[in-house]
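K.L.:
What follows is the residue order along each chain.
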Amino acid sequence: MTSMAILTIFALSIFVGFEVVSKVSTTLHTPLMSGANAIHGIILVGAIMVADGATSTLETSLAIAAVLLATINMVGGFVVTDRMLEMFKGKPKAAKAKDAEAAK
Amino acid sequence: MNKNIYELLGLAVALSFILALKGLSAPKTARRGNLIGAAGATLATVVVFFAPLGEGKSHHNTILIIAAIAIGVLVGVPAARKIQMTQMPQLVALFNGVGGGAAALVATAEYLNLGDGASTAEVVATVFTVIVGCTSFSGSVVTFLKLQELMTTRPVVFPGGRFVIAATLAGVLGTGGWTISSGGNTPLLVMGGLALLFGVLFVLPVGGADVPIVISLLNAFTGLTVAASGYVLQSTLLIVAGTLVGASGTILTRKMAEAMGRSLFGTLFGAFTAKPQVATGEAEARSVKSGSPDDVAILLNYAQRVVIVPGFGLAVAQAQHTVRELADMLAAKGIDVAYGIHPVAGRMPGHMNVLLAEANVPYEQLVEMDEVNPTFPQTDVVLVVGANDVVNPAAKTTPGCPIYGMPILDVSEAGNVIFLKRSMRPGFAGIENELLYDAKTTLLFGDAKDSLTKVVNALKAL
Numbered sequence: 001m002t003s004m005a006i007l008t009i010f011a012l013s014i015f016v017g018f019e020v021v022s023k024v025s026t027t028l029h030t031p032l033m034s035g036a037n038a039i040h041g042i043i044l045v046g047a048i049m050v051a052d053g054a055t056s057t058l059e060t061s062l063a064i065a066a067v068l069l070a071t072i073n074m075v076g077g078f079v080v081t082d083r084m085l086e087m088f089k090g091k092p093k094a095a096k097a098k099d100a101e102a103a104k
Numbered sequence: 001m002n003k004n005i006y007e008l009l010g011l012a013v014a015l016s017f018i019l020a021l022k023g024l025s026a027p028k029t030a031r032r033g034n035l036i037g038a039a040g041a042t043l044a045t046v047v048v049f050f051a052p053l054g055e056g057k058s059h060h061n062t063i064l065i066i067a068a069i070a071i072g073v074l075v076g077v078p079a080a081r082k083i084q085m086t087q088m089p090q091l092v093a094l095f096n097g098v099g100g101g102a103a104a105l106v107a108t109a110e111y112l113n114l115g116d117g118a119s120t121a122e123v124v125a126t127v128f129t130v131i132v133g134c135t136s137f138s139g140s141v142v143t144f145l146k147l148q149e150l151m152t153t154r155p156v157v158f159p160g161g162r163f164v165i166a167a168t169l170a171g172v173l174g175t176g177g178w179t180i181s182s183g184g185n186t187p188l189l190v191m192g193g194l195a196l197l198f199g200v201l202f203v204l205p206v207g208g209a210d211v212p213i214v215i216s217l218l219n220a221f222t223g224l225t226v227a228a229s230g231y232v233l234q235s236t237l238l239i240v241a242g243t244l245v246g247a248s249g250t251i252l253t254r255k256m257a258e259a260m261g262r263s264l265f266g267t268l269f270g271a272f273t274a275k276p277q278v279a280t281g282e283a284e285a286r287s288v289k290s291g292s293p294d295d296v297a298i299l300l301n302y303a304q305r306v307v308i309v310p311g312f313g314l315a316v317a318q319a320q321h322t323v324r325e326l327a328d329m330l331a332a333k334g335i336d337v338a339y340g341i342h343p344v345a346g347r348m349p350g351h352m353n354v355l356l357a358e359a360n361v362p363y364e365q366l367v368e369m370d371e372v373n374p375t376f377p378q379t380d381v382v383l384v385v386g387a388n389d390v391v392n393p394a395a396k397t398t399p400g401c402p403i404y405g406m407p408i409l410d411v412s413e414a415g416n417v418i419f420l421k422r423s424m425r426p427g428f429a430g431i432e433n434e435l436l437y438d439a440k441t442t443l444l445f446g447d448a449k450d451s452l453t454k455v456v457n458a459l460k461a462l
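Sequence order for the protein chains is A and B. For the first sequence, counting from 1, position 89 maps to 89 in the numbering used here; every step adds exactly one. For the second sequence, counting from 1, position 338 maps to 338 in the numbering used here; every step adds exactly one.
Worth flagging that the hints you see were computed from the coordinates, not collected in a lab. The beta carbon of each residue, even a glycine, is placed where N, CA and C say it ideally should be. Check before you lean on any hint, since a few could be wrong.
As the list claims (entries may be wrong) - Output of the computed footprint for chain A on chain B, the stretches with three or more beta carbons under 8 angstroms from beta carbons of chain A:
(1) 37-44
(2) 229-241
(3) 314-327
(4) 389-399
Stated by the list, open to error - In silico DSBU-like cross-links for lysine-lysine, where the CA-CA straight-line distance does not exceed 35 angstroms:
(5) B/LYS22 with B/LYS57
(6) A/LYS23 with B/LYS440
(7) B/LYS396 with A/LYS23
(8) B/LYS440 with B/LYS333
(9) A/LYS23 with B/LYS28
(10) A/LYS23 with B/LYS82
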């Protein structure tokens, strides 16, 4: 990859990153932070690439430790975000159920 | 696997992350957004095992890698599933920290792998990743200790602290320069150690109330380290994903800081400007008015409008269901009930909304600060349940106190204020609350859930 291509990708990603969260409501700050946190767990892919190419014991141990930590970050991050959001989602349903009961 | 297919799949994953962040910004699509992100991340993890290899290279350590992933899942999933909702912020901090640590380890391992063959740009990216990754790791551990209350939640400031921090930062940058100019393993190791120390020093002077901003900031930092490792590893996916998190995390941090009336700059460099706190001990002996659950029930019963201000104490006592029961009873009596939600009620912005949603509190009763503040003069009773800092007038009246300048809920404008508190202990930020001594304030001591249950029973008896 040329440096120019990398710079282009980098610059465009910054703008997309700014843009996608620009309208977030306060209510969702915590889940959004948690979700973004899970996304940077994608370093797992990098950790696997390094571990896959590692030959010395030192490199291997560092890379395997990285795989372990990155997995915790990624998997734990997505699960905890889902738990937070589960609660938001439960609400309209419960309200609907109540309305349905009231209608009867 | 064919190189083009591999890269196309990488692009799909990058797009899934954009969709995930987009989805997470709106309540309706948030959960789906998170699932899209998780699906993308899973796909990327599987696909990387089939990455096309360069000439003469072979796969190593596959079994070890899979074992490490399995252990990671066994640690991460139960932690995320079993954690109490009140302890969620520190878990997010910890997840962020291990992510930063992972990025630093990846960069170090790749640096060893490249050896003398590394280009200057690659070494610079490595140095950046190790510095920021280590800072993020140790900083997150300190925020975890603060939030878990394993250490003091007050700002830790020691004499000459700012010089120590400045010297450490200079040391980090100096060793960074050394690594770039001379290469080798020793400079990188020293630099990593200093960066770990810097992370600790950076977060120590931050007061409890600012911790969420720091978590969000470290989160953005970790994103950038991922992007930098992506550069070293020639992975477009890592560059895109890391930059997305870095950029969106920065915006999010700024929004959080705005919600708390903090300048991002002030929080960032608070470490350098922190002054020892104004002493606030002398008020201890003053008298307060405490009431019984019956008194509180009577006050509520004859009110026309009641605003409930929930805080972290409510979450700790698991009182969200009881508070809803009380609110429903009052509403059934024709009393206008609302919840006044401070943007940082709980330990993170939006934390209280999550907790109340768990108790099925109707969404329309949750009123944000800007909307509820003008209604306090028409409010008869404010019921403050386990909150303190977010209603502390010191934020307006005492320059120099750690929460000065933070917007607060103006509950003192209301007719009566009832505090449900466990003790006279100051709140998370560690500042005395003048409002507790006000003539219109009644205190009801005890566990929030017990107290609320007693008030509910007293109301039933009326």
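K.L.:
Now, for every hint given, state plainly whether the structure supports it.
P.N.:
Each hint tested on the structure:
Using a Cβ-Cβ cut-off of 8 angstroms, 4 residues of the stretch 37-44 of chain B lie near chain A, which meets the minimum of three, so the contact claim holds. Only residues whose C-beta sits within less than 8 angstroms of a C-beta in chain A count toward coverage, and the stretch 229-241 of chain B has 12 of them, enough to reach three; the restraint holds. By the rule of at least three residues with a Cβ nearer than 8 angstroms to a Cβ of chain A, the coverage given for the stretch 314-327 of chain B is violated, with 0 such residues. Counting residues of the stretch 389-399 of chain B whose CB falls under 8 angstroms from any CB of chain A gives 0; the rule of at least 3 is not met.
With a CA separation close to 39 angstroms, the supplied pair B/LYS22 and B/LYS57 exceeds the 35 angstroms bound. Distance restraint check for A/LYS23 and B/LYS440: the Cα-Cα separation of roughly 40 angstroms exceeds the 35 angstroms cut-off, and the hinted pair is therefore not satisfied. Taken as a hint, the B/LYS396 and A/LYS23 pair is honoured in the structure, with Cα atoms around 29 angstroms apart against an allowance of 35 angstroms. Taking the CA atoms of B/LYS440 and B/LYS333, the gap is near 24 angstroms; set against the 35 angstroms cutoff, the hint holds.
For the suggested pair A/LYS23 and B/LYS28, the alpha carbons sit about 14 angstroms apart, so the restraint of at most 35 angstroms is met. Pair hint A/LYS23 plus B/LYS82 holds up; C-alpha atoms about 31 angstroms apart against a cutoff of 35 angstroms.
This entry does not satisfy hints 3, 4, 5, 6, going by the numbered hints stated previously.
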